[in-house]
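In case you want the letters, here they are:
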Amino acid sequence: MNTNENLPQCWQDFEQVVQAGIDRVILFGPPGTGKTYAGLNMGDIDAGSWRLVCTEDMTNFDVTGGFLPGQDGSFDWHDGAAVKAWRGNGLRGGRLVVDEIDKAGGDVFATLLAMTDTVDSAKWENPANGRIETPKDGFSVIMTTNIENMEELPSALKDRFPCAIRINEPHPDALTNLPGNIREYARKMADAGERRISLRQFYAYGQLARTCGDERAAQLIFGDRAEAFLDAVKVDRV
Amino acid sequence: MTTIMEMKRKDLRPLPELIRRKDGANDEPAEWDIHPCAAERGAPMTAVIPRIMNVPIQDFELDRVIRAHEMMHAKVSPGNRQPWIDRGIATDRAMIVAEEARVNFLVAKAGFDVDILEDGTEMNAGERISQRGDWAEAVYFVAAISGTGGLNKYLVGIRRHRPAWSPRLRRISQLIQKEFRRIDRTRYETPLSSTKTASGRLDPEKELVEGYFHTESIAEWLDRLAEEPHEDEPEDEQDEESADSNDSEDGEDKVEDDDEEGGGVGNEKEGDHDCPLSKQDLESQQPVRKDEAGSWAQLNVKEQNLTRHVPGGLGKKRIASNMGRNPRRIGRMFTDPQKRIFDRKVKGNGGVVLIDYSGSMSLSEKDVLDIMDAAPGCTVACYTTNSHDKDGRANLWVLGARGRMTTNIPRSRGGNGVDHPALVWAVQQKQRRNAPLVWVTDGGVVGPGQGYRDQLAMQCIKTCLKSNVVIRDNVEKAVELLNAIAAQKPIKKWWPLYFRTTYKRQTGHKLEV
Numbered sequence: 137m138n139t140n141e142n143l144p145q146c147w148q149d150f151e152q153v154v155q156a157g158i159d160r161v162i163l164f165g166p167p168g169t170g171k172t173y174a175g176l177n178m179g180d181i182d183a184g185s186w187r188l189v190c191t192e193d194m195t196n197f198d199v200t201g202g203f204l205p206g207q208d209g210s211f212d213w214h215d216g217a218a219v220k221a222w223r224g225n226g227l228r229g230g231r232l233v234v235d236e237i238d239k240a241g242g243d244v245f246a247t248l249l250a251m252t253d254t255v256d257s258a259k260w261e262n263p264a265n266g267r268i269e270t271p272k273d274g275f276s277v278i279m280t281t282n283i284e285n286m287e288e289l290p291s292a293l294k295d296r297f298p299c300a301i302r303i304n305e306p307h308p309d310a311l312t313n314l315p316g317n318i319r320e321y322a323r324k325m326a327d328a329g330e331r332r333i334s335l336r337q338f339y340a341y342g343q344l345a346r347t348c349g350d351e352r353a354a355q356l357i358f359g360d361r362a363e364a365f366l367d368a369v370k371v372d373r374v
Numbered sequence: 245m246t247t248i249m250e251m252k253r254k255d256l257r258p259l260p261e262l263i264r265r266k267d268g269a270n271d272e273p274a275e276w277d278i279h280p281c282a283a284e285r286g287a288p289m290t291a292v293i294p295r296i297m298n299v300p301i302q303d304f305e306l307d308r309v310i311r312a313h314e315m316m317h318a319k320v321s322p323g324n325r326q327p328w329i330d331r332g333i334a335t336d337r338a339m340i341v342a343e344e345a346r347v348n349f350l351v352a353k354a355g356f357d358v359d360i361l362e363d364g365t366e367m368n369a370g371e372r373i374s375q376r377g378d379w380a381e382a383v384y385f386v387a388a389i390s391g392t393g394g395l396n397k398y399l400v401g402i403r404r405h406r407p408a409w410s411p412r413l414r415r416i417s418q419l420i421q422k423e424f425r426r427i428d429r430t431r432y433e434t435p436l437s438s439t440k441t442a443s444g445r446l447d448p449e450k451e452l453v454e455g456y457f458h459t460e461s462i463a464e465w466l467d468r469l470a471e472e473p474h475e476d477e478p479e480d481e482q483d484e485e486s487a488d489s490n491d492s493e494d495g496e497d498k499v500e501d502d503d504e505e506g507g508g509v510g511n512e513k514e515g516d517h518d519c520p521l522s523k524q525d526l527e528s529q530q531p532v533r534k535d536e537a538g539s540w541a542q543l544n545v546k547e548q549n550l551t552r553h554v555p556g557g558l559g560k561k562r563i564a565s566n567m568g569r570n571p572r573r574i575g576r577m578f579t580d581p582q583k584r585i586f587d588r589k590v591k592g593n594g595g596v597v598l599i600d601y602s603g604s605m606s607l608s609e610k611d612v613l614d615i616m617d618a619a620p621g622c623t624v625a626c627y628t629t630n631s632h633d634k635d636g637r638a639n640l641w642v643l644g645a646r647g648r649m650t651t652n653i654p655r656s657r658g659g660n661g662v663d664h665p666a667l668v669w670a671v672q673q674k675q676r677r678n679a680p681l682v683w684v685t686d687g688g689v690v691g692p693g694q695g696y697r698d699q700l701a702m703q704c705i706k707t708c709l710k711s712n713v714v715i716r717d718n719v720e721k722a723v724e725l726l727n728a729i730a731a732q733k734p735i736k737k738w739w740p741l742y743f744r745t746t747y748k749r750q751t752g753h754k755l756e757v
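Just so you know, the protein sequences line up as chains B and C, in that order.
Add 136 to a position in the first sequence, counting from 1, and you land on the number used in our numbering.
Add 244 to a position in the second sequence, counting from 1, and you land on the number used in our numbering.
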């Protein structure tokens, strides 16, 4: 595990924020840098963490829950990720990680706004038993998105998430699984705009290079950009 | 053969984002702006700090080598050349071309074929430069294309008007390559491609990257070679050939065919001009090696409390006037048609006295006060530092200015450290262009914690020559000189032995007295 001083600035910022007890954070930036992983695993997650991946077709079933046919022909209530995170381990609230919130449809978005509201305002009536649920202490939400401009997010959402951190490079722990000679390249290419090479591509390249050699691995993984990649490595290693 | 459709499918934009450096540049992951451009001299370019690269992106081998060349700039070239220009060791033009040579050498080392690096304009360039008789540009241009395929064509162009230049230029190119090979294979030398900063601080805007010291050394050498005039020497083709073959023997300098020399070009009458650089001069001058290169400390100026009033002024004098109070020149009543029987004072030129206060000068406080007394109205300053000084600590003290002086002389800290920056500062203090500048020094100019380096001494010599600095090496001579300046007597130039030796060694000529 890296010490805080060795971490890239964006990860230091994130650690500082969660350690200070900020419980509503947006992580944004290029894909494949470990934003979701960090949301699920970093900070106070003793009470558990739940993930929601937003799409246009998703319903509130994923957020708050819904009825599903039971074995005896009746309908049983199943909690959604947000309610589970509210309850946490029963003593303390858990962590809710909402991926790509900007892709959620209108209904879901409104529900998410309600579920991620401040503890004092957040209330939800369980249709199964009519009980009023509120988030337990310690409930936190990490929202991730690939949107680069935070102004594009709805103002109600921005208001609930006062802290936004741009994650522009992978967490060093995520790089340790790569061969040493390409770790730095993977880090640097994580935020290269439209010419970005994802961490997952580097994992595949590292694995393939062991058996097929660098040139063939580059052709298979980077395709049209294999020559540019290999030339850059040649120059870099001079 | 790659078809147009295949070309379109390929994304040949280079990936400078991958490049690792050790000076802090390109460290944060971020996208570069890649702009396609023509594969012609002058079009491709790389700006490391703003992350911009103009490169040809077609699927030709030449384009690929140009891309590698620009990528190498992104890898090794300084983010900002201004600190190097400010050092004043070499000219901007020389550093640009020397950097081209270093980058091409490294591109070849990385496995790219730099022989194909030519754009077809080299012959025209050679012809144009030789027609104009621009020896300096001929030297700089040959450095820029040293090691590439364009060299031979350039020399063909040169021979059209100045055939005598061609062997010298080819030799310069060979010596550049030889120097790079030497640096590359010497383990204790700083690597050619190093981007570690000399200070260890990560600041690509301000810090000096180590690898570029090699470029600077080559550039300073090119400046020397480009200088005119040099003594002409009769051409001796036999010597030329034997020198070339000697180099071939050690396997380092493959002498390329000079058969074009007689191959139908260079037959014009113009071609009989001698080369401005004699063979002897060329072979006797060497680039300064990295371990022979030095650097100055940062100059930190402090003005002492100038409490004592110093009456008078250097060069101040009375001249006859036709108005006044006391008719001191009554005799003019009858001899001067304008009857200028009074006096009026005119200001002197002022002047600057710079005192090397290092240990080797062995100056006492009294010596410094004596010099100050002899220089009324002048700006007087002394400088000294040592290798232990931290950033920001004063190393140049203003002891006298604007008719006032201090009685509080600082203690010497043993070393020099800032001779050239202090000299440049002193030049800037001159009240008038023709105000005298006296430098009291023994010529033992050294950087902090370093030995005497010809490179640094040459920098001081050049500034002295350019700004007409008069040097004296001890108090008596300095006071004598200041008195002579005050009396407006003719003054004699003098150079310390250090400077005379360095100048002779570096240029092959004597310093004029």
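Please keep in mind that the hints were generated in silico from the structure rather than gathered at the bench.
Predicted model, so just to flag it, every value in this text is computed and none were measured.
All C-beta atoms, glycine included, are put in the ideal place defined by N, C-alpha and C.
Possibly wrong hints are sitting among the right ones.
What the hints assert, rightly or not - Computed Cβ-Cβ distance ranges for the label pairs, DEER-style: (1) C:GLY332 with B:GLU320: 34 to 42 Å; (2) C:GLU547 with B:GLY157: 30 to 38 Å; (3) B:TYR173 with C:MET289: 36 to 44 Å.
Claimed, not checked - The list that follows gives simulated cross-link-like pairs (lysine to any residue, SDA-like), each with its CA atoms no further than 20 Å apart: (4) B:LYS370 with C:PRO435; (5) B:LYS370 with C:GLU305; (6) C:LYS754 with C:ASN712; (7) C:LYS706 with C:HIS753; (8) C:LYS266 with B:PRO308; (9) C:LYS266 with B:LEU356.
Said to hold, decoys possible - Some chain C residues judged to face chain B by a derived CB distance under 7 Å, without partners named: (10) PRO258; (11) LEU262; (12) ASP357; (13) ARG749.
### Task
Against the earlier hints, flag every one the structure doesn't satisfy and list their numbers going up.
Violated hints: 2, 9, 12 and 13; rest satisfied.
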